[in-house]
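Here's the letter readout for the chains.
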Amino acid sequence: MSDIKKFMYVNRKAPYGTIYAWESLEVVLIGAAFEQDVSVAFVDDGVYQLIKGQDTTELGIKNFSATYKALGDYDVNKLYIEKESLDARGLTLDDLMPLTYEDENDNWAEKNSIRVVSSQELAELFEHSDVLFNF
Amino acid sequence: MGIEVNGKVFETDEEGYLSNLNEWTPEVATAMAKDEDVDLSESHWQVINFLREYYEEYQIAPAVRVLTKAIGKKLGPDKGNSKYLYELFPYGPGKQACKYAGLPKPTGCV
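Sequence order for the protein chains is A and B.
Everything in the first sequence is counted per the working numbering, starting at 1 for the first residue and increasing by one.
Everything in the second sequence is counted per the working numbering, starting at 1 for the first residue and increasing by one.
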């Protein structure tokens, strides 16, 4: 395997209404097969993608929120949530689904994948990424 | 396209994956396997049932790497390896087993 690159996927849109969130999730899952260093950021309305208790019955489309819970299985375990975006929407970490992964190097201990970061910290993460995808 | 089971036709896509996963019954799996000259054993069913449970929980068909790891955790390391799974499903455990399970083609399967 050649050099491992840092991939950053940035989600800025609410989960339904447009196809961006689902497309992004699929690209992340497909990209995970290439064993790169993957991070996913949730900014602006993108934070709604991780909200608890989503119900799409009235929309008549598939509720894919459960699929975020599979990210850990795909070794995607760096999920950054922008604090300012949560604050602006009156949300806290408690409003989001808990997302975890099992650490292979630590006897499969279950660990938290979600990290709340400031926009300043996020900007630095973007700065240090090799590839940036915007959704 | 479609597959006929006990006189009822189930719609499939051009690769033979069931169009509506809610229509799935074990007989559909048996018929799909028979078309490919496969007799489903208890070991096949373990994987098929595992996939259906995985889809129920996560709403996706897992990539083969993820499937292998998860099977190993649930059914033991002697089953959680690609040799064992490829012996059961020589066309690829992701593609073939997902098809029999009535799931779409796995996400991450090009």
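Just so you know, not all the hints are guaranteed correct.
[To be verified] Mimicking EDC-like on lysine to aspartate or glutamate, the simulated pairs with C-alpha atoms at most 20 angstroms apart in a straight line are:
{"#": "1", "chain 1": "B", "residue 1": "Lys74", "chain 2": "A", "residue 2": "Glu110"}
{"#": "2", "chain 1": "A", "residue 1": "Lys52", "chain 2": "B", "residue 2": "Glu57"}
{"#": "3", "chain 1": "B", "residue 1": "Lys69", "chain 2": "A", "residue 2": "Glu84"}
{"#": "4", "chain 1": "B", "residue 1": "Lys105", "chain 2": "A", "residue 2": "Glu26"}
{"#": "5", "chain 1": "B", "residue 1": "Lys69", "chain 2": "A", "residue 2": "Asp75"}
[Unchecked claim] Incomplete in silico selection of chain A near chain B, CB under 7 angstroms:
{"#": "6", "residue": "Glu58"}
{"#": "7", "residue": "Ala66"}
{"#": "8", "residue": "Tyr74"}
[Said to hold, decoys possible] Here are some of the chain B residues that sit facing chain A, going by a computed Cβ distance under 10 angstroms:
{"#": "9", "residue": "Val38"}
{"#": "10", "residue": "Tyr54"}
{"#": "11", "residue": "Glu56"}
{"#": "12", "residue": "Glu57"}
{"#": "13", "residue": "Lys69"}
{"#": "14", "residue": "Ala70"}
{"#": "15", "residue": "Lys73"}
{"#": "16", "residue": "Gly76"}
Please keep in mind that the hints were generated in silico from the structure rather than gathered at the bench.
Even glycine gets a Cβ: it sits at the ideal position worked out from N, Cα and C.
Consistency of the hints with the structure:
1. B/Lys74 / A/Glu110: holds (16 angstroms)
2. A/Lys52 / B/Glu57: With Cα atoms ~15 angstroms apart, A/Lys52 and B/Glu57 stay inside 20 angstroms; holds.
3. B/Lys69 / A/Glu84: violated (37 angstroms)
4. B/Lys105 / A/Glu26: holds (13 angstroms)
5. B/Lys69 / A/Asp75: holds (11 angstroms)
6. Glu58: violated (18 angstroms)
7. Ala66: This interface hint holds because 5 angstroms falls under the 7 angstroms limit.
8. Tyr74: Nearest chain B Cβ about 6 angstroms off; hint holds.
9. Val38: Check failed: Cβ of B/Val38 comes no nearer than 26 angstroms to chain A, outside 10 angstroms.
10. Tyr54: holds (8 angstroms)
11. Glu56: Hint on B/Glu56: holds, closest Cβ of chain A at ~9 angstroms, below 10 angstroms.
12. Glu57: holds (6 angstroms)
13. Lys69: holds (7 angstroms)
14. Ala70: holds (7 angstroms)
15. Lys73: This hint holds: B/Lys73 lies near chain A, its Cβ roughly 8 angstroms from the closest one there, short of 10 angstroms.
16. Gly76: violated (15 angstroms)
Checked against the numbered hints given earlier, this structure breaks hints 3, 6, 9, 16; the rest are met.
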